[in-house]
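Trainee: With these hints in hand, go ahead and build the complete structure from the sequences.
According to this note's numbering, the sequence shown holds residues 1 to 306 in order.
The set of hints was computed from the structure by calculation and includes no laboratory data. Wrong hints could be hidden among the right ones.
[To be verified] Below, in silico cross-link-like pairs of lysine-lysine (DSBU-like), each with a Cα-Cα straight-line distance of 35 Å or less: (1) Lys248 to Lys158; (2) Lys158 to Lys253; (3) Lys249 to Lys158; (4) Lys65 to Lys31; (5) Lys127 to Lys180; (6) Lys212 to Lys31; (7) Lys65 to Lys290.
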Amino acid sequence: MAPLNISFIIVNWNTRVLLLKCLDSIMQTVKLLPFEIWVVDNGSMDGSAAAAKQQHPDIHLIENKSNRGFAAANNQALRQMTGQYAILLNSDAVLTTGAAYALFEFMENTPNAGMACGQLLNTDGSKQNSIANFPSLLGLLSNESLLQLLMPHRFPGKRRQISHPIEIESGIGACLIVRKAAMDEAGLLDEEYFFFFEETDWARRMRAHGWKVYFVPAARIVHAQGKSVGPLADGRILFYRSRYIYLKKWHPKNGKLMRGIIFLRLLINLSLSVIGTGLTLGCIRPIRNKTVIYGKILEWHLRGCP
Numbered sequence: 001m002a003p004l005n006i007s008f009i010i011v012n013w014n015t016r017v018l019l020l021k022c023l024d025s026i027m028q029t030v031k032l033l034p035f036e037i038w039v040v041d042n043g044s045m046d047g048s049a050a051a052a053k054q055q056h057p058d059i060h061l062i063e064n065k066s067n068r069g070f071a072a073a074n075n076q077a078l079r080q081m082t083g084q085y086a087i088l089l090n091s092d093a094v095l096t097t098g099a100a101y102a103l104f105e106f107m108e109n110t111p112n113a114g115m116a117c118g119q120l121l122n123t124d125g126s127k128q129n130s131i132a133n134f135p136s137l138l139g140l141l142s143n144e145s146l147l148q149l150l151m152p153h154r155f156p157g158k159r160r161q162i163s164h165p166i167e168i169e170s171g172i173g174a175c176l177i178v179r180k181a182a183m184d185e186a187g188l189l190d191e192e193y194f195f196f197f198e199e200t201d202w203a204r205r206m207r208a209h210g211w212k213v214y215f216v217p218a219a220r221i222v223h224a225q226g227k228s229v230g231p232l233a234d235g236r237i238l239f240y241r242s243r244y245i246y247l248k249k250w251h252p253k254n255g256k257l258m259r260g261i262i263f264l265r266l267l268i269n270l271s272l273s274v275i276g277t278g279l280t281l282g283c284i285r286p287i288r289n290k291t292v293i294y295g296k297i298l299e300w301h302l303r304g305c306p
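Mentor: Below is the structure:
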C-alpha cells in the first residue's frame, strides 16, 4: 500500500477544548489528501486524551504518564508515522481551508525543501510572526523589530508583505511540514530541548544536510499564541533554558558572551519595569506583571539556571 501523504502530529498538555478544535479543523479542511492523525498526550489531567478519542476514534493516540516535553513527545509519533510528510501542529492552532494542501503542494513542487511553515494568525485575523532567524550576536545587540524594519530581507517579519514562498532560516513551530526523507538524513528533534528552540535546532540541522527551509504565506493557520505553554513566568524560564542549550550547541566560542548580553538585557528590563511600577503606584497590571515575571526569571538565573 502506498504511503499516506500527511501524518498530522499534535502534542497536547491540558488543552482539551483547544485540542478538539484543532482536530476538528483537520477533519473539516483536509479533504483531498490521505492523512493520519497522531495525538501525543503528555500526562494531561483534564480528560484531553479520552475526549479526543471519543470524538475522533480513528486517531492514533499515545498517552504518556507525565509531561515528556515537546520534542520527545513529537518524536514518539515521528518514529511511527507512515506519511511522506509530517505536519507538526500545536494543540492551540487551527487550520484554515486549504492550509494543509498549500503546504503539501509546495513541498511536492520543491524537492530541496526539508521543512516549511505557513502564516500564523491571531484569532482576529491579524498576522503573527511566523519566521524565526537563528540566534546571533546582531540579534541580541539590536532590537528585533528594528532589524525587521531596516533589513526586511535578512530579517523578514510580519510587517513585510510576502505574497510568494521565500527561503528562511527557521519557522515558528506552531505549524510545520517536514519531509520524511529530510528527517531520515538530519535526524529527529533533539530531546534535550523540553520546549522552545527545538524547531530552530532542527531547521539548522536540516540546512547543514543540504535541505532548505521555506515560508509559504498561502498556508494560513490561526494560532491562540501561548495557550499551550502554561504560566507566563514558567513559560519564559523554559524559553531561556532552551535558548542556552541552543547557544551551547551552536555557538561554542561566543556562547558565554551571548549569555552575558542576555542577562544584561534582563537586568535593564527589570529595572525599567520596577521604575514603571513605582511611577504608576503599581496600578497598571501589565507593568506590574512584567516586573514579577522579570524578577522570577532573574532569580532563576541567579540560582544557576536549574
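Trainee: Hint by hint, note whether the structure agrees.
Mentor: For each hint, the structure was consulted:
1. Our distance criterion of 35 Å between C-alpha atoms is met by Lys248 and Lys158, whose separation comes to about 29 Å.
2. Annotation: proposed proximity of Lys158 to Lys253 holds, straight-line Cα distance about 32 Å (limit 35 Å).
3. The suggested pairing of Lys249 with Lys158 holds, with an alpha-carbon distance near 28 Å, which does not exceed 35 Å.
4. Note on Lys65 and Lys31: the hinted pairing holds, with a Cα-Cα distance of about 33 Å set against a maximum of 35 Å.
5. With a C-alpha separation of about 29 Å, the suggested pairing of Lys127 with Lys180 holds against the 35 Å cut-off.
6. For the hint pairing Lys212 with Lys31, the CA-to-CA distance comes to about 28 Å; that is within 35 Å, so the pair holds.
7. At most 35 Å may separate the alpha-carbon atoms for a hinted pair to count; Lys65 and Lys290 meet this at roughly 33 Å.
The structure shown violates none of the earlier numbered hints.
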